[in-house]
Structures are given as C-alpha cells and as structure tokens.
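Let the sequences and hints guide you as you build the complete structure.
There are 2 protein chains.
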Amino acid sequence: MASATISKTIYLGPFVHSFSLTNLEICGKGVIGVDEKGVIRFVERDSSLEDVHSKHDEWKEAEIVKTQDNGFFFPGFIDTHTHASQHPNTGIFGKTTLLSWLETYTFPLESSLSSLSKAQTVYSNFVSRTLSHGTTTCAYYATTHVPTTNLLADICLKRGQRALIGRVCMNTMSPEYYRDQSVEDAVRDSKASIDYIRSIDPDGSIVQPIITPRFAPSCTATCLSALGALHKETNAHIQTHISENKPEIQLVQSLFPTSKSYADVYDTAGLLTSKTILAHAVHLTPDEISLVKSRDSKISHCPASNTALTSGCSPVRELLNAGLTVGLGTDVSGGFSPSILEECRQAIWVSRFRAMNDGDEAKLSTAEALYLATRGGAQVVGLEDKVGGFEVGKEWDAQMISLGEVKEGGEQEGKFEGPVDVFGWESWEDRVNKWVYSGDDRNTLAVWVRGRLVHTTGRYQQ
Amino acid sequence: MASATISKTIYLGPFVHSFSLTNLEICGKGVIGVDEKGVIRFVERDSSLEDVHSKHDEWKEAEIVKTQDNGFFFPGFIDTHTHASQHPNTGIFGKTTLLSWLETYTFPLESSLSSLSKAQTVYSNFVSRTLSHGTTTCAYYATTHVPTTNLLADICLKRGQRALIGRVCMNTMSPEYYRDQSVEDAVRDSKASIDYIRSIDPDGSIVQPIITPRFAPSCTATCLSALGALHKETNAHIQTHISENKPEIQLVQSLFPTSKSYADVYDTAGLLTSKTILAHAVHLTPDEISLVKSRDSKISHCPASNTALTSGCSPVRELLNAGLTVGLGTDVSGGFSPSILEECRQAIWVSRFRAMNDGDEAKLSTAEALYLATRGGAQVVGLEDKVGGFEVGKEWDAQMISLGEVKEGGEQEGKFEGPVDVFGWESWEDRVNKWVYSGDDRNTLAVWVRGRLVHTTGRYQQ
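For the protein sequence lines, the chains are E and B, in the order given. With UniProt numbering, letter number 146 in the first sequence gets 146, and the count goes up by one each step, no holes. With UniProt numbering, letter number 110 in the second sequence gets 110, and the count goes up by one each step, no holes.
Any given hint could turn out to be false.
Any copy, or any two copies together, can satisfy a pair, since identical chains are not distinguished.
[To be verified] Taking lysine-lysine pairs in the DSS-like style, the calculated list, with each CA pair at most 27 Å apart, reads: (1) 260 with 407; (2) 66 with 8; (3) 386 with 260; (4) 407 with 158; (5) 407 with 118; (6) 363 with 246; (7) 29 with 158; (8) 60 with 8.
Everything labelled a hint here was simulated from the structure, so no lab data went into it.
Have a look at this one:
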C-alpha cells in the first residue's frame with residue numbers, strides 16, 4: 001500500500017488546520033491539489049473547481065474527492081507515544097498506579113507477545129484502530145522481542161501508516177521472565193530491529209526505527225549509555241518515559257544517586273537529544289525543563305494515561321511557555337483510548353484541573369489542543385517539514401471528517417451514524433468544537449497518508 | 001409505546017448489576033423472567049432455559065431474548081440531571097465558566113425554544129440520543145415555556161422513556177428576553193405544566209413533573225418560597241442547582257445576606273426535601289452537608305460539566321461517607337455528552353484528581369461508578385423500588401450490552417462495529433472494565449423500559 005501509485009487528486013471542500021499554537025484556520029471553501037507522489041501542489045482558499053482548473057491547466061484531468069455531510073478535511077493526527085503491545089489491556093487498570101500496574105497487568109501481557117500469531121492479531125487490530133481514529137503517524141513501543149517488533153513494522157508499512165517502531169530495552173528491575181539478559185543483548189537486539197526496519201523502508205518514508213529504553217528504572221546506567229552510543233552510531237530516534245509519577249521519580253533518585261535529576265540520568269547517557277521523545281514529563285523541575293530545552297528534546301503529553309493511573313496533571317502551559325516542543329500521546333494502555341481526538345479532550349480537562357489551582361492561564365483552548373495533536377506532534381517526531389498542516393510541499397496526511405445532520409423533527413429512530421448533532425445554525429467554529437468535544441471514529445470517514453487512502457468507513461462515498 | 005402490551009419474556013444470558021456501592025454482581029449465566037406488565041418475576045443464576053422451564057411451567061411459551069456477541073444485560077442508566085433544551089450547544093463552551101457561559105451560550109438558545117417546531121426537533125433528537133446511550137430514566141430541565149415543556153413530556157411518554165420533566169422558573173437576574181415576569185407567572189406556569197404532565201400519565205409510571213427553580217441567583221426569595229409552597233401543595237419532585245462554582249456561591253451570599261449558606265437559602269424556602277435533587281454540590285461546607293443529609297435531599301454529581309466549565313472537583317467520597325444519596329447527571333450542555341457511561345468515566349477521573357491531593361481513599365472504583373449510574377440514580381429520582389437492579393418485583397429497565405470480538409489475525413479492514421476490542425482471553429471482570437473505559441452507544445444494542453423495547457441498533461438480532 002505504501003508504494004501503490006496514486007492519481008493526481010483535487011480535494012474539494014472546507015478544511016481546517018493550525019497556523020500556530022493559538023490560531024486555527026477554518027477555510028469554508030478550499031481546493032487542495034495533491035500530486036502523484038502525495039505532495040501538496042496548491043492550496044486555494046475561497047475558490048472553486050472552475051477557478052482552479054483555469055489557473056492550473058494540468059489539473060483538469062485530476063481525480064476529485066469531495067467532503068460529505070457537513071464535512072471538512074483535517075490533518076492526520078500524530079500519536080507521539082503509545083504501546084501497541086498493551087492494546088489488549090485497554091481499560092484494565094483498576095486502582096493501580098504506575099509501578100504496581102506494570103507488574104500486575106503490563107509485563108505479563110507484553111511478554112506473551114513473543115508469539116508471532118498473537119502479535120499478528122494484536123498489532124493488526126491496533127494499527128487498524130489507530131488508523132480508524134485518523135492517526136497517520138504513530139510512535140509505537142512494541143516489546144523486547146525482535147521478530148514481533150519487526151512484524152509491527154511490516155504491518156505499518158503494509159497498511160501505509162507512518163510509524164516509529166521501538167524494540168523495548170529493559171535489563172534490570174524487570175521480571176525474570178521478561179527482560180534483556182545483558183547490556184549486549186539489549187544493544188544487539190535493538191540494532192537488529194533498526195537494521196530490519198531500515199531494510200524494508202530504506203528512506204524511512206513510512207516506517208523508521210526508534211531506540212527505546214523502557215525507562216530509567218528498568219535500565220542500568222551501562223545499558224542507558226550503550227543505547228546512547230547506539231544513537232550516535234545509527235542516528236535513530238530515541239523514545240523513553242520521564243517523570244510520570246512521584247514514586248517513580250524517587251525510585252530513579254535511589255537508583256542513580258549521583259545524578260542531579262531524572263532528566264540528568266538520560267543526559268549523562270547521551271540519550272537527551274533533539275531526536276528524543278520524552279513521554280509524560282508530569283513533574284519536571286525547572287532545572288530539568290531547562291536541560292530538556294537546551295537539548296531540544298521533545299515532550300509527549302499523555303493526559304488520559306496520567307489521569308487513569310493518577311500520575312498527576314502535567315503543567316503543559318509551563319512547558320509551552322518554556323519553549324518546549326509538545327505533542328500528544330495516547331499511551332495505551334495506561335491511556336484508555338487509541339484516539340488522539342479523545343486525547344485532545346483529556347488534555348483540555350487536565351488543563352482545567354491545573355487551572356482550578358493555577359488560574360485561567362493554564363487552560364488549553366480547542367485550537368491549542370488541535371495544534372498539539374498535529375503540528376506539535378509533527379515536531380515531536382521530526383516530521384514537521386512533511387506533515388501536520390496543509391501547505392504546498394507538505395505531504396497529504398489527512399482525514400475527512402463528517403459531522404452528520406439532525407433531520408427536521410428530530411426523529412432518528414435511534415439510528416445514528418455518529419455521535420455529533422449538527423442542527424444547521426451552527427457557525428463553522430461551533431462545528432469544529434462539536435467535533436472535538438463529542439466526535440469519535442465514526443466522524444473520520446477516510447484517512448490518507450502521502451496521498452494514499454489507508455482507511456475508510458462504510459459511509460465514505462467516492 | 002408506554003402503554004403497548006408486551007409478551008411474557010425470558011432474558012437469557014450473562015447479566016451485571018450492583019448489589020451495593022462496592023459490590024458489582026457479574027452473573028455469567030442468568031435467566032430472568034419478565035411478565036406482561038414488565039415486572040421481573042424470577043432471577044435465576046447459573047441456570048439454563050431447561051431448568052427454568054421445568055421450574056416455572058407457565059413460562060414455557062414465553063418469548064426469549066438472548067444476549068449477543070460477548071454480551072450481557074445491564075440495568076438502564078439513570079441520568080439525574082440534564083438540560084434537554086441545551087443539547088444543540090453540546091461541545092460549545094470555549095473557556096467560559098458558569099455565569100459567563102449562561103449569558104453567552106445558554107439563555108439565547110433556551111429562549112428560542114418557545115418555538116414548537118424547533119423544540120420538536122431538539123427534544124426528539126435528544127430523547128433519541130439519551131435512549132441510545134441506555135438511559136431509561138432522565139430528570140430533564142426544559143425551559144420557561146409551558147407548551148414546549150409539555151411537548152417534551154409528550155415525547156418521553158410516546159418513546160417510553162421514564163422522565164421527570166421540569167418547567168424552568170427564573171424571575172430575576174436573567175435576561176429581559178428570557179425570564180418569568182412575576183412570581184405569580186412562575187407559579188402559574190409551573191402549575192400548568194404539572195397539571196398537564198399528570199393528565200397525560202395519571203399514575204406517573206413514565207413521566208412525572210418536577211418543580212424547577214433554575215438556581216438561587218435567578219429566583220427571588222419570594223419566588224423560591226412560592227415554589228416551596230407549590231411543592232407542599234402538589235407533592236411534586238424538586239430539582240435545582242447548588243454550589244457549582246465559587247463566584248456563584250459568592251453571588252448567592254450577596255443576594256441572600258441573611259442566609260447561613262447556599263443550602264440554607266433552599267431550606268428556608270421549603271425546597272430542601274426528600275424529593276429534592278441538587279445538581280453539582282461541588283463546594284458544600286460541612287454544615288451544608290449535614291443540612292442536606294438531615295433533609296434527605298439527593299445529590300446529582302455532574303463531573304463532565306464540572307470539569308468542562310472548570311467548576312471544581314466534587315468530593316464524592318466525602319458526600320458518600322456522610323451518608324448522602326448520590327447519582328450521576330450528564331448536565332448537557334455544561335456537560336459535553338448525553339452518555340451516563342461517559343459520566344461514569346468522568347466521575348472516576350474527577351475522583352483521581354481528588355486523590356492526587358486527598359489520597360487514594362478518594363478514588364471511585366468501576367463498581368462504585370456503575371452503582372451511582374444505576375442504584376444511586378434510582379434513589380435520587382425516588383424510583384429505587386422500581387428500577388436500578390435486577391430483583392423480583394422490580395421493573396425491567398435494562399440494556400443489552402454487546403462488546404464485539406477481535407478476529408484471529410486482527411484484520412478488521414477498518415470496519416469496526418464498536419469501540420471495544422475483546423480478544424477472548426479476558427475475564428468477565430476485565431470485559432466489564434473494557435466496556436466502562438472504552439464503550440459507547442454502539443455497545444448498547446437494545447434498551448427496555450418496563451419490559452417495552454424502546455431502542456435498538458441495526459446490530460440487534462431478535
């Protein structure tokens with residue numbers, strides 16, 4: 001699918017995307033031209049197909065895809081942190097917090113994904129799920145197992161979803177039945193997965209490897225440094241967790257007593273780079289924020305997970321004000337949903353809880369949440385030149401949103417096509433808000449990556 | 001529909017309901033008999049149809065309804081507080097808080113529901129929505145308009161949804177274009193709506209009236225007392241808001257300077273009774289909690305709304321420990337969803353935020369949230385003898401939940417029937433958790449009130 005040829009296509013209808021953190025563009029009448037390589041060649045506003053045909057003569061034969069039923073085009077979502085391997089545990093966490101949750105639910109499931117057939121089921125299902133929610137790029141944790149990690153890369157490449165795929169490293173404080181037996185094993189297996197992923201997609205246009213120390217408590221200092229060296233050698237991305245909950249931070253202090261901070265543990269190992277994604281960052285100190293900023297490392301904010309596991313409320317406004325780059329992560333199955341749209345809502349709720357103590361400045365707006373879900377995420381995964389918004393030269397990673405419509409009289413006989421009710425008098429801004437606060441995968445009718453159609457629902461009519 | 005005759009029916013399959021606040025019964029093999037009046041006549045556990053036929057000879061000709069696809073029966077949800085009239089504004093609130101939100105979004109919409117045709121569309125749509133989410137009983141705010149408030153009652157009666165329906169009273173601090181012109185108007189119009197609703201359903205088996213002073217700031221002391229007297233005269237239920245956010249509480253203090261507290265304002269007016277539903281109760285003082293307890297008034301906890309409008313995190317554990325009766329309310333459109341299942345999640349998240357400051361004791365479990373959504377809600381609306389769980393003598397207000405199943409290999413081609421993924425190895429407790437944390441209206445295949453089928457989806461096969 002990733003390599004399938006496509007036709008020159010004109011996308012016709014309203015579109016919505018972020019100009020900046022606070023500025024969401026809503027264009028009621030758009031015409032966007034995407035070439036045979038999936039690259040956007042023109043973006044016309046307040047324009048018609050006739051205008052565009054007369055202006056761009058060579059596009060007269062192009063295919064045309066129109067929005068449907070109160071619809072609009074929106075950039076594909078970018079999930080900067082999730083665990084494909086934990087998807088079967090979605091919703092199963094009880095009242096545990098991070099460390100007890102890992103022991104009780106997570107390690108047993110992850111270890112079982114040594115099985116290729118089980119991994120095939122779980123990973124295919126999860127990639128289908130994330131695509132159905134409009135996620136066009138995803139930074140995945142797999143497990144310690146190389147064959148099934150590589151299988152996840154195969155699946156993403158086949159389905160055409162951009163992905164960073166990480167073979168998990170953990171050589172200490174992990175169960176005997178699920179850990180790297182040595183630093184050498186951790187490095188060798190990571191290298192094997194990097195090599196495989198680069199072999200199936202040499203220019204990394206769809207899948208890329210990502211070095212994945214689980215988190216500081218499950219890697220020795222030697223292991224972390226070896227992975228830092230592996231980054232230098234391969235220039236692969238890095239992903240890990242940081243400062244998710246307080247007992248975890250205390251644990252890191254006790255395990256790395258000479259380190260100045262949790263962030264310093266990673267920095268000392270050469271893991272704090274501009275290609276590093278740090279998930280959570282709920283309780284960073286001001287010094288750590290400065291250090292992360294100076295290294296240009298990126299933050300994946302995972303509010304659903306932080307709430308479900310009672311980890312805390314990340315001070316996203318502070319992180320943004322400090323100049324950090326922030327995207328959203330679903331963090332399944334600490335998070336309970338594979339949807340970045342749900343994560344937008346959760347980011348907004350968490351910002352409300354911060355606001356209850358810190359004042360209104362903490363609140364994220366709808367526009368800001370959508371920025372984090374697209375442009376912010378693109379920066380976090382290093383794809384800001386390619387995806388996240390609709391500009392000439394960017395690639396067409398997009399979703400067609402459709403909101404449905406309430407019929408006169410209001411009788412639906414209970415047969416709703418989706419969760420959003422548009423009555424007809426709403427402004428475009430209201431409609432976008434209705435989508436953000438009550439929409440779900442039923443509103444994502446079609447999804448494209450690099451111009452290739454990678455998901456449709458039954459309601460998509462083209 | 002409410003009066004349609006039904007056949008004696010046996011409901012066959014797993015069922016789940018609350019025994020108590022903390023004890024959720026999950027019966028993997030149930031057989032429940034419901035008679036022609038919609039009343040449960042037997043509940044057999046670990047039993048088969050053959051066992052039941054041999055034990056209950058007169059049920060051999062009964063119709064049979066079986067669960068489907070990893071399904072179970074669950075009691076209908078009870079929404080103890082929502083505004084049918086605000087549904088078109090769902091998701092539209094921006095960064096406002098209570099008082100600015102009322103002025104900006106709410107009053108203009110509510111006032112427009114003087115139109116019968118607009119109200120027909122909005123109310124039909126919303127009743128369809130709440131039914132589709134498994135809500136079998138709902139306490140509705142309408143508007144100040146008697147004809148359209150009565151229309152809402154007609155719609156609920158026709159659709160067969162149990163409802164308490166309130167004509168809103170507000171004679172001060174409300175816009176000129178949307179208020180009662182006098183106390184006499186407020187009482188007369190309330191009385192007119194009470195009389196109408198009692199005329200269409202004399203024994204109140206489906207629809208009942210509810211006296212509805214909007215909240216203390218929008219009613220003068222005289223108006224509140226007149227409505228207290230109307231309660232004495234009619235013995236109708238009462239619903240209002242209390243202690244939702246801090247500026248509102250200060251406003252009440254300034255408007256009622258001789259009152260001891262917000263709760264005391266209602267008590268002085270004769271509005272704090274065992275038939276009173278108090279929505280929100282986010283910031284009650286210990287004295288107010290004692291007063292509410294002594295009057296046996298009920299609490300509608302509306303966490304989605306409280307979070308969206310940054311009102312605060314209600315200390316539900318404290319309210320429960322004090323012996324108050326608590327149910328859940330969606331509070332559309334302060335709340336952003338008509339789903340009590342979503343409200344269960346939001347109640348759990350809010351309890352997590354309380355726990356971040358107050359300790360783990362504050363956390364609500366899945367079982368506790370489901371109790372509030374059913375048994376707790378039944379107590380709040382005074383229907384605890386009829387609905388909320390499955391016992392002999394109760395009426396069959398229920399929903400058929402179906403969770404779907406992941407196919408071997410995991411390929412779904414993006415065509416998901418619902419949001420929950422069951423892989424097959426999950427325990428029943430895990431499955432219930434998956435439903436609570438990732439389910440939605442797609443998982444509610446059918447809904448019954450008093451044994452009458454009031455909603456189905458296309459997937460329901462009987």
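Hint check results:
In this assembly of identical chains, residue 260 and residue 407 lie within 27 Å of each other by CA distance neither inside one copy nor across copies; the values are 62 Å within and 49 Å between. Proximity of residue 66 and residue 8 under a CA criterion of 27 Å is satisfied intra-copy only: 14 Å inside one chain copy versus 51 Å between copies. Taking CA atoms no more than 27 Å apart as the test, residue 386 paired with residue 260 passes in neither setting, with 37 Å inside one copy and 62 Å between copies. Taking the closest pair of Cα atoms, residue 407 and residue 158 come within 27 Å of each other only across two copies (19 Å); inside a single copy the shortest separation is 40 Å, beyond that limit.
In the homo-oligomer, the alpha carbons of residue 407 and residue 118 lie at most 27 Å apart only across protomers (11 Å), although the nearest pairing inside one protomer, at 45 Å, exceeds that limit. Proximity of residue 363 to residue 246 under the C-alpha cut-off of 27 Å is found in both arrangements, the shortest distances being 23 Å within a copy and 17 Å between copies. With identical chains, the CA atoms of residue 29 and residue 158 are never at most 27 Å apart, being 34 Å at best within one copy and 42 Å at best between copies. Proximity of residue 60 and residue 8 under a CA criterion of 27 Å is satisfied intra-copy only: 10 Å inside one chain copy versus 65 Å between copies.
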